[in-house]
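Engineer: This is what each chain is made of:
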Amino acid sequence: MTKKQKKVLYRIIIAAALLVVLHFLPVDGMMAFVLYLIPYFVIGYDILRKAALGIVRGQVFDENFLMAVATVGAMALGVYEELQGGDGEFVEGVAVMLFYQIGELFQAVAVGKSRKNITALMDIRPDYANIENENGELEQVDPDDVEIGTVILVQPGEKVPIDGIVVSGSSTLNTSALTGESVPRDVKEGEEIISGCVNLSGLLKIQTTKEFGESTVSKILDLVENSSMKKSKSENFISKFAKIYTPAVCIGALVLAILPPVVLLLLGRPAQFPTWIIRALTFLVISCPCALVISIPLSFFGGIGGASACGILVKGSNYLEAMAGAKYVVFDKTGTLTKGVFEVTRICPAAELLAECGENLEEARRRLLEYAAYAESYSNHPISKSLKEAYARTMAEDETPEARQEKQVAIQTGQVLQPGRVTDAQEISGHGVKAIVDGKEVCVGNAKLMKSMGLSYEEACDVGTVAYVAVDGAYAGHIIISDVVKEHAKEAMEGLKAAGIKKTVMLTGDSKAVAENVAKELGLDEVHSELLPGDKVEAVEALLAAKGPKEVLAFVGDGINDAPVLSRADIGIAMGALGSDAAIEAADVVLMDDNPAKIALAMKIARKCLWIVYENIVFALAIKGLCLVLGALGLANMWMAIFADVGVMVLAVLNAIRCLKVK
Amino acid sequence: MKKTYKIEVDCANCALKMEEATKTVEGVADATVSFMTQKMKVEFADGADEKAVMEKVVKACKKVEDDCEIFL
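Residue numbers (this note's numbering), protein chains in the order written: chain W, 301 to 963; chain B, 1061 to 1132.
These are calculated hints, taken from the structure and not from any lab test.
Among the clues, some could well be false.
Quick list of simulated restraints, FRET-style, between CB atoms [unchecked claim]: (1) G823/W x L1132/B: 37 to 47 Å; (2) E791/W x L1132/B: 22 to 32 Å; (3) E791/W x E1086/B: 30 to 40 Å; (4) A798/W x D1126/B: 47 to 57 Å; (5) E1086/B x I314/W: 39 to 49 Å; (6) K1111/B x F537/W: 27 to 37 Å; (7) A798/W x L1132/B: 26 to 36 Å; (8) K416/W x E1086/B: 53 to 63 Å; (9) G823/W x K1066/B: 46 to 56 Å; (10) D825/W x D1127/B: 22 to 32 Å; (11) E830/W x K1066/B: 20 to 30 Å; (12) K1111/B x E434/W: 19 to 29 Å.
Glycine residues also receive a C-beta, built at the ideal position from the N, C-alpha and C atoms.
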């Protein structure tokens, strides 16, 4: 509790105690009025002051005004009844003020608490950076003061404060604060490291490559902190609504206080002014719009906080709202649905090679890959790299885990191949490579190479880039290399369909055959292939024009050369954004890791959040409406009015906090 | 030019009022007040003197909501 809140708490306790004491004091008449004024002022002086200031400054209709009028009215009524010789009631006015303050205090504490929870969830701000001083001792400095190129130390358990490159040490990193992904990531010397990760095992020395302000962690913090600045339609609706609503109920109350008694008078019956004034005051207390005004931004804030805990950064409440209504999802292929790296996906040895290996398919495949990998051993082409990697993997398969790990390192450095086995390697530009492997002439290349050698070859057995292999002038088989679909891509499509997405579309610059193959595998509804970057914008615009006015189109890309499309779509979702500034800038929603299944999760969070917002709007308006009617008819008293105001607000706040929880 | 200020305000409705008031101050192109993050973001009009404008903003906010604080 803050100091201010504590002060209110003391006032509440004092006023409540005074009320109890007064209840048992045998005082009557005007004396009672004067005594009841003491707790009334203790609890309500600030409200009265604010209301008076409001009137002076022309800001008449606010909740302070409503409360002041209602309670002053109730007190005045008591005095009026005393003067009439009746039995005046003063408890009500004080109680209304008391309960109003209790409600306000509760709200302030609850909101403050959930605000703290949410910010704690998003708090990845590193407090310090360690640098080594001249004496070799560690010194903690403000990350803001660290210059580019400085070597900083990160001990196990500490956050990486600034982006950089590991100069010594190796460790595992916990990236869950950034990605929501719980599997640790390995880093070693020479690798890039991003700020915000937590170092789990070893000591790391990092040479910084960016200033703190430009580092990933600062960018993300900035984005998250500004997210609640962009207001959603529902929030704007409520602020407009509150502007009309408060004056409207004030006028309503005035009419309720004057019209019925006047009508009664005209009909020649007793006017019953006090009854109608009480009803009008009750009406005022009920009508406070706080429940709506507070719970809606809180719901969105909770939703954004919950999403960011899962590695989904939403740049504003408006985007969260839009996510909930997404009906079309357009994907970029490479890097979004596929890994964007080439891997050997199929090896098809020719019949001759198979016969040579005694019809052992596995052995024939291994041998074909071995020839290709060795022939390509001096090439740095991405395709030869994937051939070498695939070969090294098969080599490592039948060994112990430790040996395999060693081999994995060796693959990357190309050491798995024994250099002595290859001689006379030469590149045949535009065709492939030729080399002598174990004394045999091996040619690896495209269909053109086979044609130029006058060899007959089989049509490729699958879609992708094909490397044909010839050994000693005879066709030996072919290897298919293609971009691999991400593990979670299919799950993501199913998740989206289950979430009620009307259509999933894939856009790609790749060839038709490859695109259609991927689309079929994943179950996408529509494919546009062989597109240039500019064509993608046009394709998205065509889709935008074709959809219904209330339907939302989301575009999912990896932020590399699709920034124009990201900003053109209703919502741009960038994925695998760790380290990619362009994606963070251009997109409205950023998925920190590259798991496309998070899109469906983001939609789920958005829908839950919006559902809670609607629940609160409907619930608050319904209860208030009901109580207003009951109050006008004289069926609801002040106590019920207090519930309609404070109770509804408390319930709405509690409901809003549910947004934070993501299952 | 945009700048963010830390604020202290007790109720969401008051934050709304502060936002409205800030928007009408001369030299302010746009403003948003977030009750949740307790922050105020002000976009200044071209050529506006930031300090003078913020003084006026504080005054305007105090007028609509006595109980608010803006940390310049």
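Engineer: Indicate, hint by hint, whether the structure satisfies it.
Structural biologist: Against the structure, the hints:
Evaluation of the 37 to 47 Å hint for G823/W and L1132/B yields a failure: the beta carbon distance comes to about 56 Å. At about 50 Å, the beta-carbon gap between E791/W and L1132/B misses the expected band of 22 to 32 Å. Our hint of 30 to 40 Å for E791/W and E1086/B is violated, since their Cβ atoms are close to 55 Å apart. Against the hinted window of 47 to 57 Å, the Cβ-Cβ separation of A798/W and D1126/B comes to about 52 Å, which satisfies the hint.
In this structure, E1086/B and I314/W meet the distance hint of 39 to 49 Å, their C-beta atoms being roughly 45 Å apart. Remark: the range hint 27 to 37 Å for K1111/B to F537/W is upheld by a beta-carbon distance near 35 Å. About 51 Å separates the C-beta atoms of A798/W and L1132/B, a value inconsistent with the hinted range of 26 to 36 Å. Between K416/W and E1086/B, the C-beta spacing of about 36 Å breaks the proposed range 53 to 63 Å.
Checked against the hint of 46 to 56 Å, the pair G823/W and K1066/B passes, with Cβ atoms roughly 49 Å apart. Between D825/W and D1127/B the Cβ separation comes to about 55 Å, which falls outside the hinted range of 22 to 32 Å. The hint said 20 to 30 Å for the Cβ distance between E830/W and K1066/B, and at roughly 52 Å that hint is violated. In this structure the supplied range 19 to 29 Å is violated for K1111/B paired with E434/W, their Cβ-Cβ distance being about 42 Å.
Hint check: violations occur at hints 1, 2, 3, 7, 8, 10, 11, 12; the rest are consistent with the structure.
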